[in-house]
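Novice: If you want the building blocks of each chain, they are given just below.
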Amino acid sequence: MKRVLLVEDDPLLIDLYRERFAEEDWQLSVATDGRQALKMVDDSVDLVLLDILLPELNGFEVLRALKHLPDTKDVPVIVLTNLGSEQSDKDKQLALSLGAIDYLVKSHHTPDELAEVVNRHLEPA
Amino acid sequence: MRDVSHLRELEGRKNEFISIATHELRTPLTAVIGYLSLLGRGGANLTDPQRRFLSQAKLATGRLSRLTEELLWTVQIQEDRLMFKMAPIELESVARKVVADFRTSAENHLLPLTLKKPLFPTTVLADADRLEQVICNLVDNAVKYTPSGQITLDWRQTTNRQRRSFVTLLVQDTGLGIESKQLPEVFTKFRRLHQPETIRSFGAGLGLFIVKSFVEKMNGAVTVTSHLGKGTTFAVTFPCHPPNR
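If you're matching them up, the sequences are chains A and B in order. According to the working numbering, the first sequence is numbered sequentially starting from 1. According to the working numbering, the second sequence is numbered sequentially starting from 1001.
Don't take each hint at face value.
[Claimed, not checked] Dumping the calculated DSBU-like pairs for lysine-lysine here, alpha-carbon to alpha-carbon at most 35 Å:
1) 1097/B to 90/A
2) 1058/B to 2/A
3) 1230/B to 1189/B
4) 1189/B to 90/A
5) 1217/B to 90/A
6) 90/A to 1014/B
In short, the hints are calculated from the structure, not lab data. Please read all numbers here as calculations on a predicted model, not as lab measurements.
Please construct the entire structure, taking both the sequences and the accompanying hints into account.
Specialist: Structural data, given as structure tokens:
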């Protein structure tokens, strides 16, 4: 079973994503701040959905740290935020330059669409 | 000098406020859009009125979502945070897509929406997504301010003294028109013109500000001509690509 870590601090959105992702064949864990996220990621995690505005460490800091550690540098990270724009802006550029594989604005995607994106990234190449 | 820096500081604070506000608006909006979409999946089990309520709720969240995006773009434009992926693109294909997207909405208002065929190549250097947004806003505006009549997208080609060629997309409506003294203000942000008859009109007055900002960032120009009671034409002009066709 694929392991997906959702890093999200808003209870409203945690509930929404938990509800929908329960239909998927993944094992979903949730971290509610940046420091907890860093503790929970290891090489057994298949994908991280990472918010940017988080308590403790923000998403950019978490991403930078993950990509520097040998155990976690290859874990794919999708930034899932309500900051900035998907088209092309500086937040997106920064996330991609730090090693994120995708940058998604939460309010632009239904949970169905999000599950589809995650499944696409989880499929073996 | 102090006045200018004070104004700049105020503008910065206002932008910061809008940035935070849009982020905070997007989060509950994500939950509403998300749960509505989950509710909609049970389509077969819903009664007809429930389906109608769901569809109205989706329309309303769509409007809120659009307003939020426009506010965010306005700040991003002012702070130069938007980036443009410039690449050769056929203006006609973008216009065709927008017209297809708006056809139903225009027909619902009994407005024929026509895209004329250009007699010359329409390739320009632009960011495809932003270009689509520009044409979208112009067609949307035409639909809003045209109680009856028609909307036509037409083409012009011009060459300047340096023999540089330009392609112009015209978005023409036969709508309410704009008073000449109000014309200079149409591209000003948060400015909505006083027209009691604007029956289909809502929004924060950001659409045309975004059009002008995006077009100018992509090295183009936008102008407007209008006759009160007869209609309005917006002209978006870009240099042809490659330059010396």
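Novice: Now tell me if each hint is right for this structure.
Specialist: Here's how the hints hold up against the structure:
no. : hint             : in the structure
1   : 1097/B to 90/A   : 28 Å, holds
2   : 1058/B to 2/A    : 33 Å, holds
3   : 1230/B to 1189/B : 25 Å, holds
4   : 1189/B to 90/A   : 23 Å, holds
5   : 1217/B to 90/A   : 16 Å, holds
6   : 90/A to 1014/B   : 20 Å, holds
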